[in-house]
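Residue numbers (my numbering), protein chains in the order written: chain A, 5 to 161; chain B, 456 to 582.
Fair warning: there could be bad hints in the mix.
Straight line, CA to CA, 25 Å or less: simulated SDA-like cross-link-like pairs of lysine to any residue [stated by the list, open to error]:
id	chain 1	residue 1	chain 2	residue 2
1	B	Lys511	A	Asp130
2	A	Lys76	B	Glu562
3	B	Lys506	A	Glu123
Calculated directly from the structure, the hints in this document are not laboratory data.
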Amino acid sequence: MRWFWIDRFTELQSGQYAKAIKNVTLAEEHLHDHFPGFPVMPGSLMLEGMAQTGGILLGEKNNFEHIVILAKVPNVTYHGFVVPGDTLTYTAKLMNDSAEGGSVEVTAHVGERLVAEAEIIFSHIDQSGDFKHLDQKNFVFSIGGLLSVMEVGKAGA
Amino acid sequence: MTSDEIFTKVRDTLIDALGVDDDEVTLESRLEADLGAESIDFLDIVFRLEKNFSIKIPRGELFPEDLASSDAGLVKDGLVTAEGLAALRTKVPHIDIDTFAKNPKVENIKDMFTVQMLVKFVQNKLA
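Chain B on its own, in the form it takes in the complex (with noise of 0.2 Å):
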């Protein structure tokens, strides 16, 4: 599947769980920011992608669990330390950590939730 066709789904996907309409969607899209997103919404965005592309996504695969909540040393006074950027790479390789490192507050990583980085993600999951 071409990265064209992946988002076309994609987009279909943001349609049908956020009732947005095709020409708010773009690649740059925030999904909070720009498309209204709310927590619930994440949790039926990982429904429909699991069904539109037959794939199964764990917990936390695609969106990172509350990292201030995790094991300590990864958010320190609010923002992401170098272990938490590290461990970021690692776990969510589809989001864009270049750009959130330049100014790595916890709440910024929502920033980072972007139509590029649903791509991304089903890309690397169906390669």
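Just chain A, with the same shape it has in the complex (with noise of 0.2 Å):
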């Protein structure tokens, strides 16, 4: 299993804010031990969720120069459950760029429905002490799949 834990990117203003939805689904194997009976979308799941929509971001606003990584969740809370047949939206707002990294305030929605937010840093990890020697561009992207996430509206279509 690939570690995507988001769908299909629905909007994008690059270097502003992307959209990214997430179909949460029974098959998901998961969701039968949480809980056994009672399935929900792990919150930790929806973290990551949030973190690749504001990656990708914060990565297309510098071309995919630098190699970007979760580093700090300053906050994040949750307002609801979220269950298999709903669809998640999750919406970044970047807040803030630079070399070193940026940061990112993004919120989780099921139709009209608040069910998380959080505030994101990132780290652009080939820009700090120890690991400048990586020339990788952000590998993400080197392993195929993504990129067409990224056609937005269109992946999978």
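Can you join these two chains into the complex? Each is in its own frame, and there are hints to help.
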């Protein structure tokens, strides 16, 4: 299984905001353990989806020239359950962008219902001390797949 | 803005960035040793100061870039040289170089990253 916790980008305004969706399905094995008889999308994976949406928004701003990693989550709040059949919409706004990293504010909605919100900080790991020798581009994009997710509204169509 | 007002805002910035309590933050508090800041927190602090004071902080202006990896001559045998100290005085005048110079081990520079240093930096920036 690839570590993709978004299914499709639906909007992207370079350097400003991005929207991505995640369809939650009962075919996801972890939902049968989380929890038995009461399947709920884990909050940690929603956070990962929010980070992927925000991380790609930041990466795209710099033409994917940096390796963007999730570095810190100063705030995250969950407001409600997300269950199979729900479509999560992650909306990430780029708040900061510098040579060393950036930050985003992200919300997660199911329809009109706000289910989670977070502030996430990313580091450009290729710009920091020990990792300066890395010359590969953002590895998320070297394995294929996610680039087609980026084709706003087209992937899978 | 008075230095008291700047301190209050800096304190609020650190409460948000580091999750510390307001009574933990004094002018003398060291960001790492006393308030538990880690490397990524410095970027968080920069972002929050920029927002809270409506200023721009270019890379290396608040916290000096890694001295050891920069131009030769600034560090020798783990100690910042006289040239290095002179460079710091010019580049990061908000840092208490006089105190640092008494035991100028490279790693000791982090103990100079205090709340007072942040207040002074913002003061210089707003002046």
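Going down the list of hints, with the structure as the test:
1. The straight-line distance between the Cα atoms of Lys511(B) and Asp130(A) is roughly 23 Å, inside the 25 Å bound, and the hint therefore holds.
2. Restraint check for Lys76(A) and Glu562(B): satisfied, since their Cα atoms lie roughly 24 Å apart, inside the 25 Å limit.
3. With a CA separation close to 14 Å, the supplied pair Lys506(B) and Glu123(A) stays within the 25 Å bound.
Violation of the numbered hints given earlier is absent; every hint is satisfied by the structure.
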